[in-house]
Amino acid sequence: MQYPLDLDTRADECAAAAEAPVNAEDSNPSRTLWGDAFKRLKKNRLAIFAIIWILFVVVVAATADLWVPQVLGAPNASDTATMVMNSRLAPSLQHPFGTDTLGRDVLSRVIYGARISLTVGIVATGISTIIGLVLGAIAAYYGGLWDTIIMRLADIFLAFPYTLFVIAMIAVIGNGIQNVFIAIGILGWPSIARVFRSAILSVKESDYVDAARSMGASDVRIIARHIFPNSVASIVVYATMNIGGAILTESALSFLGLGVIPPDPSWGTLIQEGQKFLQTEPWLMIMPGLAILTTVLAFTLLGDGLRDALDVKMKDA
Amino acid sequence: MLRYILKRVLQFIPVFLGVTLILFILQNVVPGDPIKLIAGERKLDPVTEMNIRAAHGLIKTDADGNIIYDENGDTIETPMVERYFDYLGGLLQGDLGTSYQKGREVTEMILEAYPYTVQIALVAIVIEAIVGIGAGIISAIKRYSFWDVLVTLVTSALVAMPAFWLGLLLQLFFGIWLKDLSGGALALPISGVPGPRPQFAGWMYYILPAVTLAAISTAYTARIMRSQLIEVMNQDYIRTAKAKGLSKRDIIFKHALKNALIPVVTYVGMDFGAMLAGAILTETVFNWPGIGQQTYTAITRRDWPIVMGSVTVIVVVVMIINLIVDVSYAFLDPRIRLGNKSEK
Numbered sequence: 001m002q003y004p005l006d007l008d009t010r011a012d013e014c015a016a017a018a019e020a021p022v023n024a025e026d027s028n029p030s031r032t033l034w035g036d037a038f039k040r041l042k043k044n045r046l047a048i049f050a051i052i053w054i055l056f057v058v059v060v061a062a063t064a065d066l067w068v069p070q071v072l073g074a075p076n077a078s079d080t081a082t083m084v085m086n087s088r089l090a091p092s093l094q095h096p097f098g099t100d101t102l103g104r105d106v107l108s109r110v111i112y113g114a115r116i117s118l119t120v121g122i123v124a125t126g127i128s129t130i131i132g133l134v135l136g137a138i139a140a141y142y143g144g145l146w147d148t149i150i151m152r153l154a155d156i157f158l159a160f161p162y163t164l165f166v167i168a169m170i171a172v173i174g175n176g177i178q179n180v181f182i183a184i185g186i187l188g189w190p191s192i193a194r195v196f197r198s199a200i201l202s203v204k205e206s207d208y209v210d211a212a213r214s215m216g217a218s219d220v221r222i223i224a225r226h227i228f229p230n231s232v233a234s235i236v237v238y239a240t241m242n243i244g245g246a247i248l249t250e251s252a253l254s255f256l257g258l259g260v261i262p263p264d265p266s267w268g269t270l271i272q273e274g275q276k277f278l279q280t281e282p283w284l285m286i287m288p289g290l291a292i293l294t295t296v297l298a299f300t301l302l303g304d305g306l307r308d309a310l311d312v313k314m315k316d317a
Numbered sequence: 001m002l003r004y005i006l007k008r009v010l011q012f013i014p015v016f017l018g019v020t021l022i023l024f025i026l027q028n029v030v031p032g033d034p035i036k037l038i039a040g041e042r043k044l045d046p047v048t049e050m051n052i053r054a055a056h057g058l059i060k061t062d063a064d065g066n067i068i069y070d071e072n073g074d075t076i077e078t079p080m081v082e083r084y085f086d087y088l089g090g091l092l093q094g095d096l097g098t099s100y101q102k103g104r105e106v107t108e109m110i111l112e113a114y115p116y117t118v119q120i121a122l123v124a125i126v127i128e129a130i131v132g133i134g135a136g137i138i139s140a141i142k143r144y145s146f147w148d149v150l151v152t153l154v155t156s157a158l159v160a161m162p163a164f165w166l167g168l169l170l171q172l173f174f175g176i177w178l179k180d181l182s183g184g185a186l187a188l189p190i191s192g193v194p195g196p197r198p199q200f201a202g203w204m205y206y207i208l209p210a211v212t213l214a215a216i217s218t219a220y221t222a223r224i225m226r227s228q229l230i231e232v233m234n235q236d237y238i239r240t241a242k243a244k245g246l247s248k249r250d251i252i253f254k255h256a257l258k259n260a261l262i263p264v265v266t267y268v269g270m271d272f273g274a275m276l277a278g279a280i281l282t283e284t285v286f287n288w289p290g291i292g293q294q295t296y297t298a299i300t301r302r303d304w305p306i307v308m309g310s311v312t313v314i315v316v317v318v319m320i321i322n323l324i325v326d327v328s329y330a331f332l333d334p335r336i337r338l339g340n341k342s343e344k
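Just so you know, the sequences run in chain order A and B. Each step along the first sequence adds one to the number in the numbering used here, with nothing skipped, and position 101 is 101. Each step along the second sequence adds one to the number in the numbering used here, with nothing skipped, and position 309 is 309.
No lab work stands behind these hints: they were computed from the structure. Glycine included, C-beta positions come from ideal geometry on N, C-alpha and C. Possibly wrong hints are sitting among the right ones.
Unchecked claim - List time: in silico DSSO-like cross-link candidates among lysine-lysine, alpha-carbon distance up to 27 angstroms:
1) B:Lys179 to A:Lys276
2) B:Lys179 to A:Lys43
3) B:Lys142 to B:Lys258
4) B:Lys248 to B:Lys142
5) B:Lys242 to B:Lys254
6) B:Lys43 to B:Lys60
Stated by the list, open to error - A partial selection of chain B residues facing chain A, derived with a Cβ cut-off under 8 angstroms:
7) Ile13
8) Val15
9) Phe146
10) Met161
11) Leu170
12) Gln171
13) Ile238
14) Val316
15) Val318
16) Ile320
17) Ile321
18) Leu323
19) Ile324
20) Val327
21) Leu332
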């Protein structure tokens with residue numbers, strides 16, 4: 001279920017934009033990797049849209065406590081007195097996404113759902129990235145038996161049908177948001193480990209690494225100070241795309257009732273709740289789906305833009 | 001070639017053992033006693049419970065099936081390692097055990113559910129190949145045209161949406177709105193009918209689940225097809241063909257497509273393997289009685305023999321399909337020689 005969100009076909013358009021002649025005035029100053037990358041990223045309109053959308057979602061979700069309960073109503077509290085009257089209202093000015101069966105405002109629940117979905121996306125990706133970096137580094141740097149063991153372990157993880165594995169994992173550790181972090185995070189490491197491993201292998205034999213070693217630098221220092229900065233671009237790109245994948249996985253888990261525990265809203269839970277009223281109140285299920293679609297799309301486009309801006313080859317992803 | 005196949009088959013073994021072992025360890029740490037769950041809320045009669053445990057090999061029995069007691073008169077739990085070897089031994093004889101909940105042979109249950117998964121996967125893979133390759137070719141030939149932009153937009157959206165949500169949207173549109181608008185004339189049936197196979201005859205039942213299952217991979221197929229064809233069209237031999245004055249049609253269909261299709265065929269093949277692993281979400285949304293739904297239900301009910309059995313079958317099928325894809329790669333592209341240190 002976790003899709004490799006690699007939209008390489010638009011690469012040529014973006015590359016064309018990226019390779020546009022640089023103005024004479026800004027051709028000389030910042031010549032750092034990130035400075036250049038940022039300049040190229042700014043010319044990619046899709047990536048800019050994506051950043052704006054992600055920032056918008058983040059700001060709305062982060063400031064939700066300040067205004068959402070007053071304007072739209074609290075996401076969980078349900079006033080029993082007005083519950084029946086407000087149950088499943090069609091979208092209106094007061095309730096732009098309508099209300100659910102308990103009279104709760106759906107937009108308010110979608111906004112609070114954004115908190116959960118974004119947190120899962122970022123934390124789970126963080127966990128996979130850290131595990132993947134450590135294991136990938138050990139495999140590539142020490143090679144030999146370590147490499148064999150770690151990469152076979154990665155094969156085993158990848159041979160498992162992903163959805164089944166996540167579900168089995170949740171069955172073991174129970175549902176709830178922390179466990180969703182852990183399950184998605186732990187299962188996501190093999191791809192990151194592969195990316196980092198091949199990134200290390202491609203620079204491991206370079207002269208500057210030899211130079212550092214001959215000066216007596218420790219292994220950890222060589223990896224952290226010399227090799228990591230040279231492969232950080234591909235990791236950033238991969239992690240950005242991975243966030244979208246983690247959001248999708250979380251929505252699937254919550255849809256199956258294995259994710260976030262109600263009444264807390266996550267986008268997947270909202271779709272699952274709305275599914276029952278597909279025939280009569282379809283917006284209950286359409287709106288949270290649109291939230292997932294736009295946000296995941298934004299992370300994919302941003303990842304795409306970063307890949308082109310940082311000039312990362314994604315062959316191993 | 002034969003050596004390569006043999007090597008790959010040998011590599012299956014550790015991966016297969018690893019997968020089953022992880023799963024086996026998982027089931028021993030999952031909270032909830034599967035045998036107690038059989039009776040649900042009620043309490044199981046202790047003697048019955050003991051007999052069920054003995055029948056599933058969870059406690060030790062002698063050769064005649066009589067329960068062995070220790071000196072305190074308690075039953076002896078079979079150690080995990082021993083049970084894992086029991087499972088492997090049974091597997092070699094084609095015996096996957098018996099379901100805790102239903103008391104049926106797991107092999108029989110899988111044989112019943114798997115055809116549903118295979119059927120829907122076959123329909124889905126046909127959709128994926130035709131629509132994906134077609135859209136990719138159009139998009140590559142008419143670059144930057146309206147169709148190209150449309151394909152790019154649709155594929156971007158498809159890979160960013162949850163498959164189950166797409167399934168629900170299709171149900172809403174084809175099963176509910178069209179039904180209301182047309183008085184039922186144009187509607188498509190929205191869910192599979194679990195039960196004996198004859199009830200499942202209508203081909204219409206396959207359309208929506210198969211489209212849902214195929215959607216995301218179709219988007220990837222189209223993208224890969226497009227980028228491959230564009231890449232191939234920039235190569236020298238295509239320029240030569242153009243210089244010879246061949247028509248664009250001949251160039252694309254006789255020269256370019258053959259090379260551009262190779263990675264696409266690989267992707268579609270691998271994806272077929274993934275589809276045969278059962279699609280839990282698609283099968284759940286459409287109430288499709290395939291192996292994905294069966295395994296999912298089994299996990300939630302802690303019916304481990306079914307989970308172990310299904311995953312065993314799934315993993316073997318996926319590995320075999322992947323091997324076939326890799327081998328066929330060499331036939332499709334004679335430049336590739338398998339076995340010569342080709343792996344990363």
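ask   = Of the hints given before, which are not true for this structure?
value = 2, 7, 9, 11, 13, 14, 16, 17, 18, 19, 20, 21
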